[in-house]
Structure formats: C-alpha cells, structure tokens
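*Asks:* Residue-level listing of the chains:
4 protein chains.
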Amino acid sequence: MMKPELRIGLVGSGFMGRCHANAFHSVGGLFDLPFEPVCETLADISEEAGALNAATLGFARATGDWRTLCADPSIDVVAGIAPNVLHEPIVIAALSAGKHVYCEKPLSTTLKSAQRITKAVQEAGVVTMVGFNFLRNPMIRLARELIEAGEIGEIVSFRGRHAENYMADPHVPHSFRTDPDGGGALADIGSHIISMARYLLGQITQATGQCRTIHKTRPIALGSTEHLPVLVDAVTFALVEFKGGAVGTIEANWAASGRTMDLSWEITGTKGALAFSQEGMNELVFCKGSGGGRTSGFTKIEAGPSHPPYGNFCPAPGHHLGFNDLKVIEVAQLIDAIGGGFNPGPDFQEALEVQKVVSKIATSCS
Amino acid sequence: MMKPELRIGLVGSGFMGRCHANAFHSVGGLFDLPFEPVCETLADISEEAGALNAATLGFARATGDWRTLCADPSIDVVAGIAPNVLHEPIVIAALSAGKHVYCEKPLSTTLKSAQRITKAVQEAGVVTMVGFNFLRNPMIRLARELIEAGEIGEIVSFRGRHAENYMADPHVPHSFRTDPDGGGALADIGSHIISMARYLLGQITQATGQCRTIHKTRPIALGSTEHLPVLVDAVTFALVEFKGGAVGTIEANWAASGRTMDLSWEITGTKGALAFSQEGMNELVFCKGSGGGRTSGFTKIEAGPSHPPYGNFCPAPGHHLGFNDLKVIEVAQLIDAIGGGFNPGPDFQEALEVQKVVSKIATSCS
Amino acid sequence: MMKPELRIGLVGSGFMGRCHANAFHSVGGLFDLPFEPVCETLADISEEAGALNAATLGFARATGDWRTLCADPSIDVVAGIAPNVLHEPIVIAALSAGKHVYCEKPLSTTLKSAQRITKAVQEAGVVTMVGFNFLRNPMIRLARELIEAGEIGEIVSFRGRHAENYMADPHVPHSFRTDPDGGGALADIGSHIISMARYLLGQITQATGQCRTIHKTRPIALGSTEHLPVLVDAVTFALVEFKGGAVGTIEANWAASGRTMDLSWEITGTKGALAFSQEGMNELVFCKGSGGGRTSGFTKIEAGPSHPPYGNFCPAPGHHLGFNDLKVIEVAQLIDAIGGGFNPGPDFQEALEVQKVVSKIATSCS
Amino acid sequence: MMKPELRIGLVGSGFMGRCHANAFHSVGGLFDLPFEPVCETLADISEEAGALNAATLGFARATGDWRTLCADPSIDVVAGIAPNVLHEPIVIAALSAGKHVYCEKPLSTTLKSAQRITKAVQEAGVVTMVGFNFLRNPMIRLARELIEAGEIGEIVSFRGRHAENYMADPHVPHSFRTDPDGGGALADIGSHIISMARYLLGQITQATGQCRTIHKTRPIALGSTEHLPVLVDAVTFALVEFKGGAVGTIEANWAASGRTMDLSWEITGTKGALAFSQEGMNELVFCKGSGGGRTSGFTKIEAGPSHPPYGNFCPAPGHHLGFNDLKVIEVAQLIDAIGGGFNPGPDFQEALEVQKVVSKIATSCS
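Protein chains in written order, with this note's numbering: chain A, 574 to 939; chain B, 574 to 939; chain C, 574 to 939; chain D, 574 to 939.
None of these hints come from the bench; they were simulated from the model.
Any given hint could turn out to be false.
Because identical chains cannot be distinguished in the list, a pair is counted as satisfied if it fits within a single copy or across any two copies.
Said to hold, decoys possible - Below, a list of computed lysine-lysine pairs in the DSSO-like style, where the Cα atoms sit at most 27 angstroms apart: (1) K844 with K873; (2) K816 with K933; (3) K844 with K685; (4) K789 with K816; (5) K789 with K844.
Let's have the full structure, built from the sequences with the hints guiding it.
*Replies:* Listed below in structure tokens is the structure:
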C-alpha cells in the first residue's frame, strides 16, 4: 500500500530553492497524491555549498554540478531554480535525459532560447511545468470558473498590473534582474500579470507599450561607488487586446513606491465584474450584474473550503493561505500530472506564449 | 457695508441646473465672497417650463429664450448647463455681450467648436470657468500641493480611470451621450480623468488609444423596439506620456459593471505615491517614501479643516463633503475670480486643452 | 400656485447655525415640500452680532434676545442651536408660544430638564424634532428597511461606537463639552450611537458601563497655564441589551487617536449581517445569509437613487452625499411633518429616551 | 556537525494534527534551530488509524494508545491535539514522564483541571507551550513592540473580538464545542482574543459579561431529527479592565454571519492607535499621533522582512504568510525554548491565566 516514490533533483538553493524544498516536504501530508515525493539530490554552486544546503533543506545527497544531477538515472524530476541564464542548458539536459522538468519563471532569457526549449519538450514527451505560482491561488481558480460559467457575461476589459517597490531605491545594485539580456520589470514581473491575463481571458493578440528606466545608473554592487548604466525598463505600460475581443492595459512596475505586491486586476464583463490583488490574496471581489440595484455592489469573497484546494490546508474559511502554500499547490499539480492526471500548466509551451507577449511589448517600446 | 450683487443667469434646469442653483444659493453662507450672488433669471426650453422651474430653483425671473438672457444687461454671469450642442451659441452670445461665462463640461462637442469659443474669449476679456467640479475636492488640491512640494519625488507614472456603469445596460436608449458628434465615454467621462491628470501632472504630450463600443445598437427611446447603431466608444484605454517624463494609462469606461464613480488614479513618484478614488472622495492615500520600512505603508488621510476649503463646510474632520459641495466650491472660486482674485480654472483655454487630448486619443483609435 | 411660507426663527449662529441656515436655503430647490421655508429672524448673543450674522446667513431680520424671537407671532418654527444649557428655556418659551420646535441634540443637559421639556410638548401639540442628523443618511434608512424586512433574520448582536479624536489632545481647553452638568463623551457623542441603535433595533432595556477620563485636567482656555480638573468621561464602554433579545456593546470615545468620525456598527442576525461607518457614510456593507457559500461575503452597497432621498440630490449613484446634505434631509422631514406628513423623528420624546440610556450608563459607571 | 535530534510524539491526527505534522516537517528548512525535529510516533484512536495516518503525515511509527507514546523513552516532546477532554490525562502523563509538552488550546476544559495541570508543570521542570498560534504573527509581534516602545502613548482602550460564522447555521450538530463542560464560543474562540489582549496589554483585572445561546437546540448529528438543548453561549460580550488602567470590550461570537475570521482589535493610546484583523493577517494599521494633521491618518503596514520572522519564509514583503506558517513559527519557538532559548509562551501558566478570564466572564453571565 506504500505509494511509489518520485525522486526530486533540485538545482539551486536560494530563496526559491528553499521554497521548492519546503513544498516537496509538505505536499505529501496535505494532498492525496499518486507518488511520494522524495528530496533526493541538491545541485549547488559547489560540493561544499551543496552538502551544507542539502542538510538544511532536507535533501539526501548533494552535487556541485547540475549536469551530474540531470544525468542521474535515479532522479525522476528536475526542478530548476538556478539563475535565469542557466535555465536553457539545465532544462535541455534534463529533457534529454527524459526527466520531467519543473522550471521557475521565466522559462528563459530570450525568445529564441525559449523556443529551443519548447522544441526539445516536444521530442521528450515528459511533463513540464513553469513556476507561475500566483496562478495556483484558489481565488484565481474561482475567478476563472466564474468567467467560464458566464457569470460576468462577455468580457469587456482587463486592467492589470504587477507593481512592487523592490527596485525603487537607486542604491539597489545591478543583478540578473537588470541584465539587458532578459531583464527588466516587464520580463521579471510583467510576465506574472501576462500569464494571469492569459489564464483568465485567453490569448493576447495585440500589445503595444511604453517604458521608462527611472534610475539611469546603478552601483555594480551594494555600496559600491562604481556605477553602470541601466538598460532595462523599470516601468512599462501596454495596451492589449484579447482574442475574445476585450481590450485593456497591463503595467509592470518594479519602482512602484509603496507597493509590495500589487499583482492586481479588474475584469469587466457585460453582466458583472471581478477584481483581485495579491496584496489581499485570500479575497476575490465579485459584482454580479452590472450594478445599480438596491443591494447590489462588489462582494468580498474570502477564501475557504468551497474554493479548492483551500480545504487541503485548512477546513475553515478565513484562515488564509500564504505565498509558500501556493508553491505547495503547484507541486501537487505537478505530481498529479506526472501520475497521469490533468496538467493545469503553465507548461513550457504556455511559458513561451507568455514570453512572446513580453517580447512583443518590449519591441514596441524600443 | 452690503456686498455688491452679482446677478446670475442660468441656462437649463435639469440635474446640473438644479445643482448650480443650489450652489449659488448656498455659497454666500459658507464662503466670504466679494459679491452677493443673486439668482436673477432662468432660461428654459419654454416660458412655461421657465416659470415653473424658476419658482422651484429660486430664480426671480424666467425666459423661454436663452438669447434674451444673454442679451439682458442686468445679468453679470451666464451659467450654461444646456445640451452640449448648444454650448457654442450660448457661450458666444454671452461673451459677445461681455458676460462672465461659467459652462458645464464639455466646453463643446467638437475641437473646432471649442477653438472658436476660446478665440472669442480672448476678445471678450472676461472670466470663464468650466465645470470640472471633481477638481474642487480639497483632497485633490492636497494631492497637487504634495506633488508640487516634491513629497513624492519625481513623477514616474500615472494610472488613471473614470469608470461608471450607467451605460452597462443595453436597454439604456440613445441620448446626447451617444451622439457621434461629441459623444462617447472618452468625451463624456474620460475628459474628467484627463482634466485631473493635467491638473496634477501637467501637459500630456503623447496619447494613443484603443476603444470598444460593447453594445452595438441601442433603442431610440426607453422601451422602444426600434434600435439604431451605436457609433461611439463605451470603453477606451490610452497610453499617455507627460511633458515631465512620466508615462501611464487612462481609461474611460461607462459600461464598467459594479462601478458607480471610480474616477481614480495612482501616481507613483521616486520618493512616494498618492492614490485616490472618487468613490472615497473624502480620502487621499499617501505613501511617504518608497516603502519597506518597519512602519511604512500607505496612509489614509481623511478630509478635514487642514485641507481648505473643507473648513468652510464643517469645523471638524471626517464629516464628509458631498458631490454638491464640490459645485459650491466651484462657484466660490468663480465669484472670487470675478472679484479679481485668483482663477484656478479650468478656464475655457484649459478645457480646450483637455478636448485636444480627447481628440488625439479618439483619432488614434479609429 | 405659490406655496405657503413657513417662517423660520433661528437661535444661534455658530457652526450648527450656519449648517441650519444652509439647509433651509437649499431644501426648497431639492425637495418638493408643502411649504416654502423663509429665513425670517436670527437671534444672536447681541443685536450687533445678530445683524452681522443675519446678513451672512441670509436671514431677513435679527435680534439680540431669543425671547423676542420665541414670542414673535410671525415666526412658525423655532430652530434652536444655542448652547445646551439654554435649550430648556428656549424650547419651553417656543412651545408656550405654540411654535414648532427643532432643537439640536442633546435635548437638554439633564434628564430632569429633558423630562420637563417633553411634558411641555404634550400640552403644546406641535411638531418637534431633534437634530440627530446621522439618522437621515439614506444608507441608515436602507439598513433599517433591510432589518425590518427580515433580510438578516433575528437580531443576535449589536456592536456600536462613536469614536472621534477631537479631545485626544490634552491642550484642548475646557468648554461646554467638559461641563460636569451634561458633558462628557457619552452625552456628547455616545448619544449619536445610542439614537442610531434605537432607530435600527428598538428599545435598550439594560445598559451597564465603564468609563475613563484620560486627561485629568485641562486648561481653562486655549494656551492658558491655569488648569482645572476634568470631571467627565472621555471614553465609556457599555454592555447593552435590547428588548428584542439582542446583546451588544456601545462605546463613546472622544480621545480616539486616529479616528475622525467612526460612528460605526455591525449588526449580526441569524440570516445575515450589516455594517456601517460614518467614515464611509455613502456605503452600507451587507452579507445576505450567514456566509460560507462559494460566492458569499460582505457586499459594499454604494448610495444611489435607489436609496431615497439620495435621488433628490443627484440622479446618479456614487456621487456622494456629505454631512451638510444630512441636515437638508432633516429639514425636509421637519417641513413635511409640519405639513401633516409622517414625522420620522427623533421627536422630543425619543430624544428623552436616548437621554435615559445615557443616564443609565453614566449612573452605572459611578 | 549534524544537529541533535528532537523526537516528536503527536497525539491526534485531525485538522490540527495535520497542521502540527506539517509544521514539524517544514520548520527545519526555514529556521536555524538547535535541534533537528524528527516525527517519531503518532498516537491515534486505534492501531489501524495510527498506521494509516502516520504514513500520510510522515511519522515513523504509530500507536493506538497515547499512554504508550507518553511513556516511550525515545520521545522528547509530546504534542497533544486530542479532544479537549483528554488534554489533562495526556499532559499529566507526558509531564510525569519528563517530556516537554506542546498542547493545543484550550489547556483544559475546566479551571480546576487547568490548575492541576499547571501544578504538575512546576514539578516537572520542562518546557510547555500552548497553541495560541495567532500570537505568532509577525504583525502581532510588531504591535507589541510598538506598544512597549511607547509609540502610541499610554493605553486608553481595547476593543477586541473573535467573530466567526461556523456555528451560525442551526443545522450544525452538537460536538465537543457545545459540551457544557468547557464548550461555548467564549471558551472556544474568546480565549484567542483574551490571550491576544493579555499578550499586548497585560493583565485583565476586571471582566463582566453578557451571553446568548441563539439556537436553543441542535441535532445530535448532522442530518439527525433528534435534537438536544444547547447549554453554552454562542455570543458573549464583556466589559474588561486592564491592570494598566485601560478599559474595553471583548466579544466572542461563533454565530457571526458573514465573518470568517474576525479576530480583531483596535487599541487606542494617548499618542496613537493600532488596529488589526486576522482577516487581513499580513497587515497592521497604525496611526502615529492622535491625528488631525494635514497628512496624518492610519497607515497600512504590510508584512515583510523587517517584521521577524517573516524573512524566514520569504525575502520580499507583501508575499503573505498563511495560517499554517503561524504554526511553523510556533514550533520554531518551541524548539528554541527546548534548546535553552527564550520561551515567548504562552506556556501552561499563561494558558491558565487566560482560562481564568474566561471563567470570570462566564460566571458573571450566569
């Protein structure tokens, strides 16, 4: 009666690595899955770092070389959290070895690279998933179900943004985020709101943008007096059109003073509206009908067991899921898909589509 | 020691006419003004309607012809609330007779017409004002003062909209609002958010839009089975750029299910941010600094006597101004300007500038 | 076809006097009333003050003696705004002269005084009204209608407060508010939440409280170094029971840091709940059902024409009424009642009942 | 360099058992602890249930008898989640065997029982902790730090409640929650707001209440037609006084229509105020100063790395902790305390103090 094991190889041990490790440890106690995930091997920047972090993150073994991990026949799933520029080689290696691959967003730093990756997937025939974890929120799933059921009628407009303040301070130094090849606010966080827009409303057919850099230079390291120019956007606004006919705007802003996580949107339909912000991630705001009645208005729905899979975490409403719980849901969906269940995505193909929209907007800005 | 009288002639007796009459009656008891406004003559669609409505609205005399009113030497100020298509002839007649002119927005239905009007103003040398009453809000004035004082640093972005649901229902019939000449959501309510954007951040140098009609036909009258096509926009999104360098978006949406008065914006600066919605018109939300400190975040400022001219209405904070109070402030500013005081506008020239932005966006959509 | 006149005599010209004057001037243009109110005479502290303020507030005549006003046969209604300690003699004089009387809250400073007044009313047979203007809010009326219609089932509990910060600063000097005879937070603002509790849920049968003074002394005047002890409450909490069986708490707090106008409550019923705060006076929050459904939760209803008499001020929802508009509604109700229409109160008898609850709580604290 | 193990024995496998298991599995990857927690043995209602649930929850061994677990020398910590009536025997057995004990709230069902337990602790000299997990929230810790630093001055008042709707439906059957011995809203959830009040403001010296049962009978099981009377409170309101001088109210309400987790309070001080609701558990609302300034008001602080131990879960603000994360923090504090670090409690003595307040209010109601 023991479940078969699913052996995980994790590449990277930073913030998201810890988040992945935590999810693989927790998921078995919270979800009824076809496999028992086993944290097998951690690949880090060195043997030493690997050994240290494997102990902390609860992995049985460690390596200083991700190639070893990808080639290891005892590994079933490669989870890739490494710097964005390494996504392509790691993923291709894993795919070539027939592993299921679970990659953090963005899939890659350039459209061409992402296209090479998706081509490799078609040949591998494995399960792929990209870590757009904000889509795992039960309230986002509820929003999609309400839209699909026609509860807000035909979609008229979408007003979305992902605004944070983590680059508002000009003293924040250069990093992979400001790398001209694949960096910038649009690629980094704009991809979240684009993926959510597609998840909720489908294909984006047109996209035109305007971007700004704000701080023209940044230090090469924290506290350094040496500055280099910043060549990527800090804020981008875009006009978008959806295949279904809706129009709207998308904003990506990493210099949004005061905003910590305003991944938010309002969707207007002919018979109602929905609104959401990640700053209140356990709430969905819903207006049934166009309004104007004696008791009509926006209703604040709080997450609870009637919004799967919230009940896997808590049997009572209002107790709140957190960011790390979204990763647990993502991992549960991955394992279900590997067991032959439904893969809700985003798979690598969908991640490529998101990147195409990013690319279209970026091109229109320049 | 009696104040000199300022005799008002009002053209039109509908909703906004009543609102104007109320403001002229109230303003003397609430503000210390250079003149005593006197509600002298009401011009209506007929002698009979005029007599009836003059009694209700507290005007001493009535006429069925606005030309008579404009030519009457006993009138000092012509306040024009009539249908938009009549704005030009009424305003030109009033200007020709040397009256001060107070006109509801929009100044006119076409850019050419608005340009003819502003040309006439230059020759008349009188005080003009357009009823963009949402600008009169003490919290909007506070926002501008904070921006001008550099409290939020350099302006990065503007995210504005005016969203209401009054045309969401397809049974709402055709009216002047859907008239191809000067109608549509962008002209009707987009002008409010554009005027506010200019009031707060200055000149809009670039503007490109996308628009949708939503309901393709509407009945010719309420309940009628005869339908005519709708040729104007119900929702328009635009990318905008300001002279100062900021970028952003503007939305005009009169089919915004659930929204009653979301004339709202968020302004991001390098050192802070401000946010406002007319749905909470007595509040301004202010983040000092870019955020991230132990006790930093958005502060909800509630209107009070430290936000002039709130104190003219109430000596204690939190008691709330209402929509009609904004009109009283507008009328107080008009009378002060006629007495030689500062004219905060929008005067007719500023209204023309707003209309130019409307026109630029509309042209880009087609 | 002219309406008969209703001649108003106003006693007092401070903040509330201005508010009353404004309401009498505005009401005719906004409501269809049986009389035309005429601002006839202002009684002030002296002839000179009266003459000056009558000009500003738009009254035809002035007097320095309220006795003259009360005795004047040309006056139909006496509106009393004078200091609380004068309410009894003014009201008794007006009643004796057969005037309708409209008195600001509180009806008087002591329970005995209020009882003498209500006794005098019974003999006079006139219309009386007390200025509990927060009850005039269309959203409060909607709340009562929903409760009466059983929309939230049987009432379980009431959680109310009136919290402001106007006495939080220890430098605010003594005034009538801190007079041991009739002063204190419970009497001054607790009376508002008690009147609202009664308006919504009926008779309060039990009430027990706890009170605190906070600042033990205050200067005798602003900036004075001479201090006198404060003998009244700054904050009072009470447990209350309603005749219908509900239990709850009432708080009066005039040292509530950060609160400008939190006259607020939540009413829980077996089939739903309602919540309100004067800080968002144009909103009522309503949960239909006890919650837990997939799309259930609290709905924010925004004031609009479907909430009478909002439509008298504005034909579109979301435009907001303000504090002074509530006074206009109050005056409209007064004039309707004088014309033989329904008197929604609070009349003097109801004001006495409110004062009895205040007294019961105050007694239990000492 | 391997950390010493800390072997956990868990009694109970329901909702809270799963929550505990998850916390013990996750905590090592998120916190730097003196021990490596090992999920050793699960005690369940039978051998079979134990075996099944141990597999799911990741425990190495299982037993059908908690006595075996408590006596097992290989167990270091007994975590007790079993039904409330079993808390005393389990805890006493664990203490007698010299185990550290981690017990879910309430410590026991009666005051006498809780007193017997705390007496046993004094003799055992072990670490104890009670699962008042809402206290673990970084925003609650921030609130306490701000209060202790005098940021809101002297405390004037406390307005607290714990309101949920899980018993609003009369069809919810009898359970341990409605057991006359230790049940009722005040004991079940009132204990949360009481523990938080004590955590933030210290000792409660006076407490008087009013309670109501609401639904007088409930079915003996879901869907049963057999009903038994309900003898416990569904809603209780109490007046409270704190040793420091503050007054206030506490509400416990499990029939609060529309409320899912309104564990909330507002604390007013002479120089500021703080407000919190578990429905927005990642936010603390803070007014510095008593208000009234041009830009003063309540600031919404969002949880982030500057609020320990948020940063253990996520390096960026605004990403949200969830309910289960609070349990992880609790477990980290437990393990730290066992390692000789600071025990922030609530230990069993503190849980007894909470129960005394519950008892005092309950007694005053009857």
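*Asks:* Each hint should be assessed against the structure and marked as holding or not.
*Replies:* Here is how each hint holds up against the structure:
For the identical chains of this complex, K844 and K873 are neighbours both inside a copy (17 angstroms) and across copies (18 angstroms), given an alpha-carbon limit of 27 angstroms. In the homo-oligomer, the alpha carbons of K816 and K933 lie at most 27 angstroms apart both inside one protomer (16 angstroms) and across protomers (26 angstroms), since each shortest distance falls under that limit. Proximity of K844 to K685 under the C-alpha cut-off of 27 angstroms is found in neither arrangement, the shortest distances being 41 angstroms within a copy and 38 angstroms between copies. In this assembly of identical chains, K789 and K816 lie within 27 angstroms of each other by CA distance solely across copies; the values are 18 angstroms between and 36 angstroms within a copy.
Taking the shortest alpha-carbon separations for K789 and K844, only the inter-copy value of 16 angstroms comes in at or below 27 angstroms, while the best intra-copy value is 45 angstroms.
Against the hints set out earlier in the document, a violation occurs for number 3 only.
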